[in-house]
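Working from the sequences, and respecting the hints, build out all of it.
2 protein chains.
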Amino acid sequence: MNEAASAQPASESPEPPRPSRRDLFGAIGAGVAGIALGAAGGTVATSAALSGGGRGSGTGTVPFHGAHQAGIVTPAQDRLHFASFTMIDGTGRDELISLLQDWTVAAERLTRGRDIGTGVAPDNALLPPDDTGEAEGLSAGNLTLTFGMGRELFAGRDGDPYGIRDRLPAAFAPLPSFAHDLLEPAQSGGDLCIQACADDPQVAVHAIRNLTRIAMGRAHLAWSQLGFGRTSSTSRAQDTPRNLFGFKDGTANIMAEEQSALGEHVWVGAEAPAWLRGGSYLVARKIMMTIENWDRTSLQEQERIVGRTKLEGGPLSGGAEFAEPDFAAIAEGSAAAGPAIDVDAHIRLAHPTQNGGARILRRGYNYVDGSNNLGQLGAGLFFISFQRDPAAFVTLQRSLKGDLMNEYVRHVGSGLWAVPRGVRAGEYLGQALFA
Amino acid sequence: MNEAASAQPASESPEPPRPSRRDLFGAIGAGVAGIALGAAGGTVATSAALSGGGRGSGTGTVPFHGAHQAGIVTPAQDRLHFASFTMIDGTGRDELISLLQDWTVAAERLTRGRDIGTGVAPDNALLPPDDTGEAEGLSAGNLTLTFGMGRELFAGRDGDPYGIRDRLPAAFAPLPSFAHDLLEPAQSGGDLCIQACADDPQVAVHAIRNLTRIAMGRAHLAWSQLGFGRTSSTSRAQDTPRNLFGFKDGTANIMAEEQSALGEHVWVGAEAPAWLRGGSYLVARKIMMTIENWDRTSLQEQERIVGRTKLEGGPLSGGAEFAEPDFAAIAEGSAAAGPAIDVDAHIRLAHPTQNGGARILRRGYNYVDGSNNLGQLGAGLFFISFQRDPAAFVTLQRSLKGDLMNEYVRHVGSGLWAVPRGVRAGEYLGQALFA
Chain A
1 MNEAASAQPA SESPEPPRPS RRDLFGAIGA GVAGIALGAA GGTVATSAAL SGGGRGSGTG
61 TVPFHGAHQA GIVTPAQDRL HFASFTMIDG TGRDELISLL QDWTVAAERL TRGRDIGTGV
121 APDNALLPPD DTGEAEGLSA GNLTLTFGMG RELFAGRDGD PYGIRDRLPA AFAPLPSFAH
181 DLLEPAQSGG DLCIQACADD PQVAVHAIRN LTRIAMGRAH LAWSQLGFGR TSSTSRAQDT
241 PRNLFGFKDG TANIMAEEQS ALGEHVWVGA EAPAWLRGGS YLVARKIMMT IENWDRTSLQ
301 EQERIVGRTK LEGGPLSGGA EFAEPDFAAI AEGSAAAGPA IDVDAHIRLA HPTQNGGARI
361 LRRGYNYVDG SNNLGQLGAG LFFISFQRDP AAFVTLQRSL KGDLMNEYVR HVGSGLWAVP
421 RGVRAGEYLG QALFA
Chain B
436 MNEAASAQPA SESPEPPRPS RRDLFGAIGA GVAGIALGAA GGTVATSAAL SGGGRGSGTG
496 TVPFHGAHQA GIVTPAQDRL HFASFTMIDG TGRDELISLL QDWTVAAERL TRGRDIGTGV
556 APDNALLPPD DTGEAEGLSA GNLTLTFGMG RELFAGRDGD PYGIRDRLPA AFAPLPSFAH
616 DLLEPAQSGG DLCIQACADD PQVAVHAIRN LTRIAMGRAH LAWSQLGFGR TSSTSRAQDT
676 PRNLFGFKDG TANIMAEEQS ALGEHVWVGA EAPAWLRGGS YLVARKIMMT IENWDRTSLQ
736 EQERIVGRTK LEGGPLSGGA EFAEPDFAAI AEGSAAAGPA IDVDAHIRLA HPTQNGGARI
796 LRRGYNYVDG SNNLGQLGAG LFFISFQRDP AAFVTLQRSL KGDLMNEYVR HVGSGLWAVP
856 RGVRAGEYLG QALFA
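Quick mapping for you: the protein sequence lines, in order, are chains A and B.
Heads up, the first sequence is in this note's numbering, so the first residue is 1 and it goes up one at a time.
Heads up, the second sequence is in this note's numbering, so the first residue is 436 and it goes up one at a time.
Simulated from the structure, these hints should not be mistaken for laboratory data.
Fair warning: there could be bad hints in the mix.
Unchecked claim - Listed next, the stretches of chain B that the computed footprint assigns to chain A, with coverage defined by at least 3 CB atoms under 8 Å from CB atoms of chain A:
1. 529 to 535
2. 645 to 655
3. 677 to 687
4. 728 to 736
5. 743 to 756
6. 795 to 807
Said to hold, decoys possible - Which residues of chain B face chain A? A partial, calculated answer using Cβ under 8 Å:
7. P557
8. P563
9. G572
10. W658
11. A672
12. D674
The beta carbon of each residue, even a glycine, is placed where N, CA and C say it ideally should be.
The structure is reproduced here in structure tokens:
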């Protein structure tokens, strides 16, 4: 395929002189797929995946700028590459700001499906290309890049190298230990995180790789995780996907269409410093699943653990997938006449009515990291949630202490980041934090 | 989504009484996507991915039965899950045959996008479901399952537990050590392998998981590898994809349309025992790429190493992507007047004209396994090739001893398997081996 022949006239400036095949895809995607949602300024993209096409087929673009960062209420794309970064010792405020500035410029281009910097083939061939090239020719794939800041940036070091200690929000406390934690430091924490979601995994990997490269000398990759299949919907337009227990997941999730619930449970409000208002908190948990054991469990037991039917996903108290669970219902035909939904079923313990109304927006992904030395798949759920206050996650996770599902899961990674509000044109990521 | 409401009448029998959502997808896929190719009996499927849709959007079905196994000349799907298995100590011929029989039944159903056995929700809820369920509601995604047999099954154990020692083909020699091997046993070898390719990674993972489960008590998973992006085309209808060096890969691959080249270089012929005729040999190599170092290399140096331009993929001797390289051409405007394609460039050393005409059919995938403890992405190429004789791969790999690219790659995993011919209706995989 000839690059020059398929290129379209640039629709804006400045652009590098060398045209890019990706310009074509970007222009098409922006035209047909990008729509703004609601007065709150959050933006979502429709995609082929939402309109009956195959999974992973979305080729549109999701606007980078907005009141909120994209990748939170954006209809969950099918693939994930999540990365955590550590600021290099000796860096200070200037390095952190310059990194956020450079990431902003790159993220705006990447989410439009464009090369970064000098592109794949700079005019001066004696320089390394700025763009690593493996996404050349691919569409934007509905890529979103969502950035978060770890607590250690504010208060985790001697002194105050980044000069933001006094900007630490009161709610931004470290996550406590939970009953079933088996956390591995090599898969936990980090000063900065990037959640890259796209309908094409090569687009998500390309974004993380290039943002990692840009960070060189200022921050290095601490750990990263690929996820191959979304386990939550974040829009009513999406089918409910299945996790690796084979159950529909995220049926009761907060959806992009629930503007008032988003304001109440997801977006940080006036309780926080100005830089975080309109932002959120991101919790990530790497949850290993012992799927081989699960697979040997009877259907009845699996359904009892979850509290829903496996095929349809309806609550065991009756009704179809989206029926409200009735936790007072008694099992029909049961000799023991116990509750239809077990007192320790996952959906009961996780339900807002059991947790003082706490709700979170889930956005997790199935993963398989090869296999372990026991001949088992290294499989699980890379859980991601967004919430207005980390305390909501803590409440829910503590409530799950007695969850029947705990026999089949281990939390091996964990992280918490503050996600600044969206970037306006001309701003850089988190700019208000340094004002 | 209500399962029963969307089910279609079964188009064939016997089927389990419970209808499946996947029946619908399967029927559509078979109708519009499955076509037979050529007199050789090999089958390929067209897919949405080939007709201008996004990557990873193929929802069709690829026939399981045929003269050759699917997944070799099938237009390379976008995603991979590859698994290697070890037969459990003490198993014998009966266990191996029963495993191959059970895998055959399951593979035929999985590739049609159907549940296996009792499905996701058996009528007897006191039993574990036969199907783990995470692919429920998904299309067949052009899934192919390609099975191979390792040399250790024939001649690697005391005695002859599987009674097939005398069926070992003369060409089936172990791969030798190569100059840059750093092989890890935990990612190498195996008695049996399954290459699962699909346009939806969740479909490929589901297949490997369920086939692993079926093997329980007879074989266990030795290692497995996910690949997120194909790096080769195997049909002229496909765009050439890019590897993680950012270059187009597989431009000179053997294509499904080259019937005579397939017969000469891919399908095993009369030189082999009857059970392998119409089959092939599968070589897998896990090739780690030091992409951080690569990315710091100038465009000129990258192109010199590969022997092609980065953007278009044309040979440095001139012309567009599919132009034949001219290894005698002298670099224009070069003060040193050296060859346009370096004497140690990858495409020169790998070219058939430099290797006595040896050709292989490549079918590799990009992978990223998180990151390593140096703050680098664990990235690379999971190389897969099919060839009529392993000696062709050995010839090419030995020729690459001086390849300039070796500075940026490490071979960390390796395997070689004999791939029996395709399964005819009523047969099981590799049946002729036991006749």
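Hints versus structure:
no.: 1; hint: 529 to 535; verdict: violated (count 0)
no.: 2; hint: 645 to 655; verdict: holds (count 3)
no.: 3; hint: 677 to 687; verdict: holds (count 6)
no.: 4; hint: 728 to 736; verdict: holds (count 6)
no.: 5; hint: 743 to 756; verdict: holds (count 6)
no.: 6; hint: 795 to 807; verdict: holds (count 5)
no.: 7; hint: P557; verdict: holds, 6 Å
no.: 8; hint: P563; verdict: holds, 5 Å
no.: 9; hint: G572; verdict: holds, 7 Å
no.: 10; hint: W658; verdict: holds, 6 Å
no.: 11; hint: A672; verdict: violated, 13 Å
no.: 12; hint: D674; verdict: holds, 6 Å
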